[in-house]
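Chemist: Now for the letters of each chain:
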Amino acid sequence: MKKHQTIRSLIVMFMRFALLPLALVLITSSAFTASFARLDQLTVLDKVITISAEGDKIKNILPILEKTAKIKFSYNPKTIALDEKVSFSYIDKKLGEVLDGIFEPLSISYYLSGDYIILVKRTENSTGSLETSSDLFEEIKVTGTVVSNAGAPLPGVNVFVKGTTIGTTTDAEGKYSLVASKNSTLVFSFIGYKTFEVELINQTVIDVKLEEDAATLEEVVVVAYGTQKEYTVAGAITTIAPTELQKGTSRSLSNNLAGHVAGIIAVQRSGEPGYDKSNFWIRGISTFQGARDPLILVDGVERSLENIDPAEIESFSVLKDASASAVYGVRGANGVILINTKRGKVGKPSISLRYEQGFTQPVKLPQFLGAADYLEVLNSISTESGQTPIYTEERINNTRNKVDPDLYPDVDWLDEITKEQATNSRLNLSASGGSDFLRYSVVASHYAEQGIIERDPGNSWDSSLKLKRYNIRSNVDLNITPSTLLRVNIGGYLQEDNRPTQSIDALFGWAFETPPFVHPTQYSSGEIPVVPERKNPWALATQTGFQRNSGSKLESLFSLEQKLDKIVPGLTGRFKFAFDRYSQTGVKRGKEPDFYNPAVGRNEDGTLNLVVYKYGQEFLGYEKTSEWGDKSVYVEGNFGYSRNFGNHYIDGLLLYNQRSYDNGDRLPYRNQGLAARVSYSFDRRYIAEANFGYNGSENFAKGRRFGFFPSIALGWIVSEENFMSNYKNTFSKIKLRGSYGLVGNDKIDGRRFAYLTTIGDTDGYRWGINNDYHRAGKREGDYGIQNLTWETVTKSNVGIELGLWNSIALQVDFFKEQRKDIFIRRETIPSSSGFINPPWANYGAVDNKGVDASMSISRQLTKDFYISSQATFTYAQNQIIEQDEPLSVIGTNRSRTGKPVGQIFGLIAEGLFTEEDFQNPETGELVETLPKHDLGSAVRPGDIKYKDVNGDGVVNELDRTAIGGTVDPQIVYGFGVNMKFKSIDLGFFFQGNAKTYRTIGRSDGVNYFIPGSGNGALGNIYSNANDRWTVENPRQDVFWPRLSDANHISNNSQESTWWLKDMSMLRMKHIELGYSLPEKLINRVYLKNARIFVTGNNLLTLSSFKLWDPELDTKTGFRYPIMKSVSIGMNLDF
Amino acid sequence: MNIYKFILSLVLLILTGSCTDFLDKSPDDQLTLDMVFRDKTRTEDWLAGIYSNIPDPYWGYANSIGYDPLSDDMAPSTRWLPDWGWAVIPMQTGNWNVATHWPPNYWHELPKRIRSGYIFLANVRPNVAQKITEEEVDNMKYEARFLIAYYYWLMAEAYGAIPFKPGLTPADAAGEELYIGQTPFDQVIDWVDAELLELSQKLPAHYDDQKKYGRATSIMCLAVRARMLLFAASPLVNGNTDYDGFVNNKGEKLFNTAYDAGKWVKATAACKQLIDVAEAAGHKLYYEYNNGVIDPFLSYQNMMFKKATDGNTEILFARPDCNTWEYDKHSQPRGTGGNGGLGVTQSLVDAFFMENGLPITDPNSGYVEKGFSSEDEVRANTNWNEVPEHKDENGNTVGRKITFAGTYNMYVKREPRFYISVLYNRAWHRRENRTTRFLIDEWDGGPTHDAPQNGYLLRKKVHPDHDPRGNINPYRPGILYRMGEAYLNYAEALNETEPGNPDILKYVNLIRERAGIPALGAGLSQEAMREAIRRERRVELNCEGIRFSDIRRWKIAEQVLNKDFWGMNFNGKEISDDENNPNAYFKRTVYQHRVFGKKNYWFPVPQSEIDKNSFLVQNPYW
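Chains as they are written, first to last, in this note's numbering: chain V, -8 to 1125; chain S, 57 to 678.
To be clear, the hints were calculated from the coordinates, so they are not data collected in a lab. From the three backbone atoms N, C-alpha and C, an ideal C-beta is built for every residue, glycine too. Treat the hints with caution; some may be incorrect.
[Claimed, not checked] Restraint-style ranges between C-beta atoms, simulated for each label pair:
#1 V:879 with S:307: 16 to 22 angstroms
#2 S:84 with V:641: 55 to 61 angstroms
#3 S:632 with V:396: 29 to 35 angstroms
#4 S:654 with V:517: 57 to 63 angstroms
#5 V:497 with S:381: 49 to 55 angstroms
#6 V:497 with S:250: 52 to 58 angstroms
#7 S:381 with V:234: 48 to 54 angstroms
#8 V:879 with S:612: 43 to 49 angstroms
#9 S:84 with V:568: 24 to 30 angstroms
#10 V:453 with S:88: 48 to 54 angstroms
#11 V:652 with S:260: 31 to 37 angstroms
Just need the whole structure built from these sequences, with the hints factored in.
Modeler: Here it is as structure tokens:
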């Protein structure tokens, strides 16, 4: 349908250039053509009508006739003169008579073909009437159907007799009919298809299949503030088919970007419902401060990507280079994503329904030792350090044999707070259609997801983790006049969730923190135990009430588009107004149960010896947790210009916009700007484009608010050159392009109105004999610095697009970005100066370079077997050029300058100490050739040996240096295959990343990662604990070094290459098997298409790292896991 | 075509920029420096901001600043982790280098308060409308100057030589004003000394307005000055040849390495001056009486809990608002709702005298370590209600049962201050109406981290009515300087300048009298007296954040801290003192090996600062 619409508008454009006024009439008159049933020839001409004219032009009469008689005219405007004026009056005459009367004097003959009355200039020896013309020896009537490669009827195809001006176009069903001399040649031409010629040789029925011509297909691409013909684009833009975004059952659209879109680096760091979106960056990270997120525009308005349902999306474009994004100026530095929502197309109502029901499970949860094994590890640590074991054999045996689970508990906390599996489901319902003057698209979606957090069914209230989202979008296009288009979009969503009162990530953290033997989840007598100040994860997950939150968003858009051809041909004016409103509310119904200290034994009567630790409450409390909203208002006006002059094509844009975003801060955030684009192409071979943005933000001092961001791009379509014509079959497309330009970023973190000096808040103080005279504490804040401004990025890009053998498309882009003036606090001001906050400055600089590429292959191998394959690859590497690091650090092992943003630092491990390394293993005194290890605990054999990087004879924190790479991957890739055999289809998609690392273990708040290092008070022990160094088995190739208690762990728990793990992974993100029901079957129930499918997501993950899902953002494995799922679903099109 | 024209004009309207002032927005209501000092509340806010770095003698000295655990007084559970705010625990064991984060980070934080003080001095002005008088402005200026001087001293106390440049550095200062090296220790002391002395003549000794309690006074100036000059006269910085060759960027010695007896003279005078001024203002030791006799238990306990308006004459410098909640909670046995892991060291337990005033090492002291008492120990001269009353045969209350039969002998017949400061296994816990249970797997015991790691919990300054379950935490001011310390300071200084001066004995014995132990006799040598004063100081001022500086300035920290630390057996499961029984609780057991080297006398200059400022030199031996 989309293609239909595109082609239609192109024809219209063509005709307008040829004979504009007539075309206008034709467009108007052709309303509702598609919806008419075929009429019988005789019935049409016998139809009785009344019509009169008084010196009217023929072209004005035709529409009236069309309306009155409900017919349609078809003719070649070049041969039929319609400016002649006629006068007549027919009352209750048959149409045939009327037509004879009108056309006879004008030497026009007509005949009926399908719904059309075809007008032909009468030749010398032809007579006026239909009957007679068919009798002529020279001419015959030819009919037929034109279809596409895939067999779909092609409407609007030009069919004409070679060497003459006789011709027609195909109707909505691809049918045509015309009169031609017997031995002539018919030419079928249609934009985007190869022109086809056939000799008549007495045939009267000629069916034609047109082959698509990839090189000339006039695809349009969504670009900044509009669309552009594909071939005229010289910037780096990636698009993704919306259907690709529909794969996967996750709530967040962003989870489908990695590997699908060349140029996007994306990672999903959590699977928690409502918080499972991916982090993504266009061409990687290129700043260490301030916003890194791309600008996301939905229907041209800055909006969020996450809560759009994929079913709402019509196009998805990623603007990667300066040329594509310079018009966004100060907002474009991190790249731009443009999403357009679905719009209606001319045609009968098309309704489709899609439903998916999925069953989810964690991809991977960490595994732990049971309580008895845990206690044995603790005892072995005591024994090894020469102390007596803390836990008796009796206790260990009782635990192992589950003698009295109240006193000898063995709890897998992770298991206690999670369920085995959960579900999700998605329902999409969409309807679209319309006529030439009104088109609509309506999409409604429902998404529901259950989480894996356990609830206690004994409670009357429900604390389970679940999320629901409803999306509705209605887009209406209205042609209020033939040249005026009004668009109204209304979209929105409501998202609701229910969850325990505790943070989910915290629950996972506590499940790791709480050892398996300290107490059961709940005593058999009902009391809930907890170690003071520690947590009972099960109780916190299930016994502390629940909270529910809801957020809703309304997105609206009103736009008017006026063709201004009357003033300047090719000129269009547009006006756009949009407002968005988001609001959220949350309610917490919390409680705390009574907590008891863990039992210290049983009393004589057999009851547990318990003391209460904290009194709780019986009832649920009530608290409003959030009441928040924001709004934004956007206004835009622009002029677009687009015109061909022979071989020259010019496309231009001049735009003004402003946006105000108010989230309750002191002042709304405001932006204002001008943007312009001029694009020129010559003979479809040479392209030049210039863009600029001139815009500003209220955040900077007057006079420094506006910045100018220009860019240029050049392109050369080599395959269109004459010298390439012989290789057309091999190289269907070769396009070289390059761009260079400037963009900015005004989302500088941390400081608004940086030109103003502020007063800061600090700790207060209390005076008074009763401690009752409180003063809040004030001091200097930030210094206002007048000349602060946004950061700028110079982006350059060279790319090549190749089309091979009409089946392979390859696109490769190399890029370099140089960001400077990054807004940072000066790092080199000494503390002794007393400045509260070091002053801000536009000081930092980061370079970022890389390559992104995509390839697609598609082949119809046999009539029944179609296969296609896609692959993408993105590599981005950045480097900090300047971040005001002290001069004495630059160049040393500690320097971050010259390293990537987020470079991991740590010590370099050189294996484990052996007995030979010590003068005295008991005191930890090393042989003299080894550096002293001054990391807080005396070393022993089996501890990690580090390199003295700075050569000062001591290993300490100053020896930390760059190890591995960065946490966020530098390489993201994906590949997939889709196959269709008859009515069965199979597709799969793999996504991977590489050059991603993590030092596992020590992190904020977690220093008990290494087995036993939490002294038995904290931390679980991973099930691979036996893969460790012991006195009996002093292996070097172990996972764990010598184990020790909290006071002796600091040497081994340092971030170092020992704990540095390569987190690269390859995941089968998606596999889908579908079956389309036979047409015979479904036609009976008025279905156009019915397909059932089963899909799997994240079913297979390959990584050298085994303890937990490597993609999770955790150093200990404790995060809500990413889910794998199996879903069944169906797709119905009416 | 109307719509045609309409749209055209609309687009043109917008393109020509009808909204040229769209971005002309700035928060014009923003608070400025000028507005702050035109407003009484905001002016006081600013002053409060300067005050706010006055140390918190409760949770500050115990946890974040950590002077008590860093000395040999306090023993937080070794199983508590640095992640829980116990950054000082690794520092106890020598896990400490130039990049270690010390939570209060004085090097970084105090210069900000000092700068804030100078901005206050430059801007504060009278405000008739809001009744800020000229005198009040002057007084607030003196307060700010006091804080500036005090903070310079706090820095010098921690780091020794510091970058020192009094005055207000302009925001656009050039490099040479910002990048400065350290000033020799004595020069900073001299400046602070002069400043405090001058301010002590300007600030009042008291404020009549009770709402001003806690604001700087002349007595605070003199108290800080007395302790500082005592420090400056002590061996660490008075002729310490270890610091030969350590110079700043200008080649000046960081510390004077030649002994100067004049410093003791100066210290003696300062200590005396403090006592004179304070006594003139009504300060003296705090006493409670029982039938007209000093009740040493209640006197010593309540000296920490009573407010000045309740008769506590002892307080010289208090921080009104402290985090007593965490302090109390961490010291309360876990079986009573507390965290039960903040203890005291065995060496502190051993430092307390016997009831007869003799140290346990004295053969005549009557100290018996092993075994268990056979009967309740009753003391008649007290009404200390934390232990049960003792009734005679007639049913009349006669004193209190201080210990019960079956108490480990180590804890029997000790001086009153011991019982106020230490909570040992099987001591009475009044609020819970039971004795403490520290054995492993008992209510208050291990093996959890929230248990007394070395067999003791802290009792000093822990309010007996603190109830974690009931969220009750009685108010008390945090005492930074008190009369008892002033007496001991003077005695110590005087013993250095005029050994044998009767004032020495007088002031030491005032302390001993209040503590309920016999007075020291005359005739001690200077050496013996020095020892006696240090011992008395150790006991009297335990867990008040003073000991760490004392052992540093006396240069004995390497002997006191660099060794194994002992306690009772954490893993003990039986009430037994059998040395050969691994399950015996009451036997001396090593729980921690402490490390203290020459470098540890001063905190290191943060490496990040040396990176930034090449004029700085690292502190000796780091």
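Chemist: Are the hints correct? Go through all of them and say.
Modeler: Going down the list of hints, with the structure as the test:
Against the hinted window of 16 to 22 angstroms, the Cβ-Cβ separation of residue 879 of chain V and residue 307 of chain S comes to about 20 angstroms, which satisfies the hint. Our hint of 55 to 61 angstroms for residue 84 of chain S and residue 641 of chain V is violated, since their Cβ atoms are close to 47 angstroms apart. One distance hint, 29 to 35 angstroms for the beta-carbon pair residue 632 of chain S and residue 396 of chain V, holds here, with the actual separation near 31 angstroms. With their beta carbons about 59 angstroms apart, residue 654 of chain S and residue 517 of chain V fall inside the hinted range of 57 to 63 angstroms.
Checked against the hint of 49 to 55 angstroms, the pair residue 497 of chain V and residue 381 of chain S fails, with Cβ atoms roughly 23 angstroms apart. Taking the beta carbon of each, residue 497 of chain V and residue 250 of chain S are about 54 angstroms apart, inside 52 to 58 angstroms as hinted. For the pair residue 381 of chain S and residue 234 of chain V, the supplied restraint of 48 to 54 angstroms is violated, since their beta-carbon distance comes to about 60 angstroms. Take residue 879 of chain V and residue 612 of chain S: their Cβ atoms lie about 36 angstroms apart, and the range 43 to 49 angstroms is violated.
Between residue 84 of chain S and residue 568 of chain V the beta carbons are some 29 angstroms apart, a value that agrees with the proposed interval 24 to 30 angstroms. Between residue 453 of chain V and residue 88 of chain S the beta carbon distance is about 52 angstroms. The supplied range of 48 to 54 angstroms therefore holds. Checked against the given bound of 31 to 37 angstroms, the beta carbons of residue 652 of chain V and residue 260 of chain S, roughly 54 angstroms apart, lie outside it.
Checked against the numbered hints given earlier, this structure breaks hints 2, 5, 7, 8, 11; the rest are met.
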